[in-house]
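Residue numbers (our numbering), protein chains in the order written: chain P, 1 to 213; chain W, 1 to 213; chain Z, 1 to 300.
One should not assume that every hint holds.
[Said to hold, decoys possible] Stretch by stretch, here's where chain P covers chain Z in the computed footprint (C-beta under 8 Å, at least three residues):
{"hint": "1", "segment": "168-182"}
{"hint": "2", "segment": "239-248"}
[Claimed, not checked] Here are the in silico distance ranges between beta carbons for each label pair:
{"hint": "3", "chain 1": "Z", "residue 1": "Ala-230", "chain 2": "W", "residue 2": "Ala-113", "range": "32 to 40 Å"}
{"hint": "4", "chain 1": "P", "residue 1": "Ala-113", "chain 2": "W", "residue 2": "Gly-167", "range": "36 to 44 Å"}
{"hint": "5", "chain 1": "P", "residue 1": "Ala-118", "chain 2": "Z", "residue 2": "Ala-221", "range": "52 to 60 Å"}
{"hint": "6", "chain 1": "P", "residue 1": "Gln-130", "chain 2": "W", "residue 2": "Gly-167", "range": "35 to 43 Å"}
Keep in mind the hints are simulated off the structure, nothing from the lab. All C-beta atoms, glycine included, are put in the ideal place defined by N, C-alpha and C.
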Amino acid sequence: MRRPCKTTTRGVVVRWIMSEIAPIDQLPGGLESGLEAVLMVADIPVSSARLAEIFEVPTARVAAALETLATEYDSKDRPRGFELRRVASGWRFYSRADYADFVSSYVLDGQTARLSQAALETLAVIAYRQPVSRGRISAIRGVNVDSVVRTLLTRGLITEYPEVGDGGATLYQTTEYFLERLGLGSLDELPALSPYLPGVADLESLDSATYDD
Amino acid sequence: MRRPCKTTTRGVVVRWIMSEIAPIDQLPGGLESGLEAVLMVADIPVSSARLAEIFEVPTARVAAALETLATEYDSKDRPRGFELRRVASGWRFYSRADYADFVSSYVLDGQTARLSQAALETLAVIAYRQPVSRGRISAIRGVNVDSVVRTLLTRGLITEYPEVGDGGATLYQTTEYFLERLGLGSLDELPALSPYLPGVADLESLDSATYDD
Amino acid sequence: MSATLSEEAATDSTTPAGAEQESAGGFRLALQNFNGPFDVLLHLITKRELDITEVALAEVTDEFIAYLRELQATSAAEGSDGMKVLDETTEFLVVASTLLDLKAARLLPRGEMADEEDFELLEARDLLFARLLQYKAFKQAAEFLGERYGIEGARHPREVSLEPQFAALLPELVFSIGPDALAAMAAKALAPKPEPETEVGIGHLHGANVTIAEEADAITALLEARGTLAFTELVADADAQLVVVVRFLALLEMFRQRAISFAQEDPLGPLLISLVQESSFDAQAVQDDYEGSGGEVDHE
């Protein structure tokens, strides 16, 4: 796989065209393992174009490697418990449908129909401070909120905001479903915070989104 | 692996005792693929005991299958982009550290944010002396620790202990996330403190003798 | 408990980055790089590569003074102004004041615990070294945690949201709260939180309303009124041992800020204290130093 790297300008061009000695090729496992690493932690499907950028290789090479991986996981001899599927926006790891019964029993085990106090508080903060990042919610609540934010996402009460915040942080907002469940027509119908804050002098500043963390 | 399933009562009993023909064994890929499927949707470490319940097989068999998978992923020939690791109270998929550069260019989550020396020292005191009050930590470190404790709380590495200490002081303890984030199976895996340290009992009295007035 | 932290590695790690140039022979302490007074003390002691259980404070002090003499001779030979000597002296005094802080803990009224025998047992030096030993152990532990934290940061756990077909299996949420309850919850979470009571360990120093700032003011007033005074004269009006202790700490602070000068005319003679005329001593800043964050800097 590794070839001597030419240092001439033409050599560099060749490197990119040939795409044989990208940084990922220096690592054991090469591009395929690299793709597995990124996709293993990706929550949403990742396009082959984006993966090509990350690994500095041509999109076609990424696409081919993804197909190879997907086929390998589907092997008749030993189908993996996961599959790599291509959906509209890109590639993502899913659990294999054959094992859905077991996955379901894991998912349902210990589930309740109620949100925990921590989840409700987090939802309240998001409702009044949206769009807001997880870091900001953590700062406001003084605890790590990663897992409750995931629960709220899974439950469809919040969703990712289309734009990213400072430093590329994902922002969250409440959903239509959230309004429905609360019996509200729109976010404007959320009660003002002021009456719930006796003793706080500057209520206006609290209601407007100026919380400093 | 597959055996003809007897339908007599005795056959069912045998099936459970032998633990060879649990439902998962009827599927291609068997227990190993089943474990992969469940762990693929898990967002927290899953214990082998819980997996054993889901697949209706003995815990020892699950533990062995998990070890087999972990070893397979680590194969020298073709290390996978992911690893299966035992942390905190269970098993979980991680991206392999070798590909950290590529993964972190995709993931932006503060995972890599460093902890200051002050935060690490405070965390160490809490890890070894939990549950412990801020006053005790300050006494041990010789400086005020309020802001560092807040940082550790927000990061989810520590949490408040359910009961208060002497004089109503809030006590702190490390979290499951602390173990996960440090890749530890349990607190027992923390190395012993310096062998030159006086006995713990002596230190308790030392801390309180000087500062708890 | 599976392993024991490496003593060697940990000893190295206790040398803060700012102290690297010490191999050139200095005793310099870049205080801003240290993590509180214990850090400085620990550094002083590890620098000498001695088992800290066997080191008496007097030895560290003697060595420091010997070093200062050498430095003084060098700067005289080089014709420099001696500022370096002053800097290092004042820095050492901060360390010395910490030692005194610990000694002070012993001198202060302790209510029903004030048993003479207890005090003898809690001999200040032993106490200090035991505390340092403990601090050192935790520094080693912190290094272990730091390494793990760094290594593990290169791995990312899979924590993705549930695939839709499984999310659909979850029991329909029972929403037990309405908009008002949600607003109340948000208000509570967003309300400014009172700062937690500071629990600084040196609180006992001014438990009886004796503050370093006030005593510094008292000293300044005395010196302005009467010129150069001996320490005994400065504390002649003290009605409690606590005042004597705090006034002494105030002197160290004032010296650190170059607000006063010391003179000792004969060996073991009285220590004479006088105001440095052009100084601008900020008593309140001293108080802040003692009550505030104690040098804790959290860079996150």
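Results for each hint:
1. 168-182: That given contact holds, which follows from 13 residues of the segment 168-182 of chain Z lying within Cβ reach (below 8 Å) of chain P.
2. 239-248: violated (count 0)
3. Z:Ala-230 <-> W:Ala-113: 32 to 40 Å: violated (55 Å)
4. P:Ala-113 <-> W:Gly-167: 36 to 44 Å: holds (41 Å)
5. P:Ala-118 <-> Z:Ala-221: 52 to 60 Å: holds (56 Å)
6. P:Gln-130 <-> W:Gly-167: 35 to 43 Å: holds (41 Å)
The structure does not agree with the numbered hints 2, 3 stated previously, though it agrees with the rest.
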